[in-house]
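Chain by chain, the residues run as shown.
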Amino acid sequence: NAGVTQTPKFRVLKTGQSMTLLCAQDMNHEYMYWYRQDPGMGLRLIHYSVGEGTTAKGEVPDGYNVSRLKKQNFLLGLESAAPSQTSVYFCASSFGPLGSPLHFGNGTRLTVT
Amino acid sequence: SQKIEQNSEALNIQEGKTATLTCNYTNYSPAYLQWYRQDPGRGPVFLLLIRENEKEKRKERLKVTFDTTLKQSLFHITASQPADSATYLCALDNYTGRRALTFGSGTRLQVQP
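As they're listed, the protein sequences go chains A and B.
Okay, so the first sequence: first residue is 1 according to this note's numbering, each after it adds one.
Okay, so the second sequence: first residue is 1 according to this note's numbering, each after it adds one.
Derived from the structure by calculation, the hints contain no laboratory data.
Listed next, the in silico DSS-like pairs over lysine-lysine satisfying Cα-Cα at most 30 angstroms (straight line):
1) Lys9/A <-> Lys57/A
2) Lys71/B <-> Lys17/B
3) Lys71/B <-> Lys3/B
4) Lys57/A <-> Lys71/B
5) Lys57/B <-> Lys71/B
6) Lys3/B <-> Lys57/A
Keep in mind that this is a model prediction, so the values were computed, not measured.
Using the sequences and the hints, build the whole thing.
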């Protein structure tokens with residue numbers, strides 16, 4: 001059981017470049033989430049999904065897009081990277097909504113220069 | 001506005017003592033409150049969940065209290081060990097709003113041998 005796997009682990013982008021972060025979970029969880037973590041600001045929700053084919057905006061969605069074409073995968077895209085998107089990105093999944101613990105991946109450290 | 005506050009200053013304690021971490025919130029009506037541990041370079045790991053109608057929850061050396069009148073949760077680690085050194089995050093589930101957890105920024109605990 002791998003749990004939640006994020007790829008890549010590290011990435012450096014130039015301003016304006018695009019990239020996709022991949023999250024895969026093998027726990028058959030319905031819910032998946034993308035958070036970003038910045039020093040002193042904690043984890044902030046970017047987008048989330050309550051099931052295959054669905055997505056919803058979180059607290060800080062601007063500049064990001066997501067897709068959940070398969071239940072086990074949740075992709076986070078940056079169409080035109082900006083230095084403000086330098087952060088550590090965490091994917092998580094959970095069995096259900098309220099009261100379900102989140103299972104996190106180990107993050108992707110993204111630097112935009 | 002909604003806010004979750006955890007002490008941003010690190011908590012330093014001696015091995016064997018009880019560590020107490022605080023999570024305060026405003027303008028939330030959480031159905032559940034969760035605590036996570038995060039080690040450097042890793043994703044958060046779920047520790048404990050407490051429901052709004054529960055006053056206290058225990059798991060081994062961990063204890064969580066939840067006071068919905070004071071809008072506060074306390075997280076205790078008894079007989080602390082250097083291996084308990086990490087950042088501890090609290091997170092709230094709402095009945096209303098987004099179907100996703102909102103996290104505090106965390107408190108770093110350092111247990112000195």
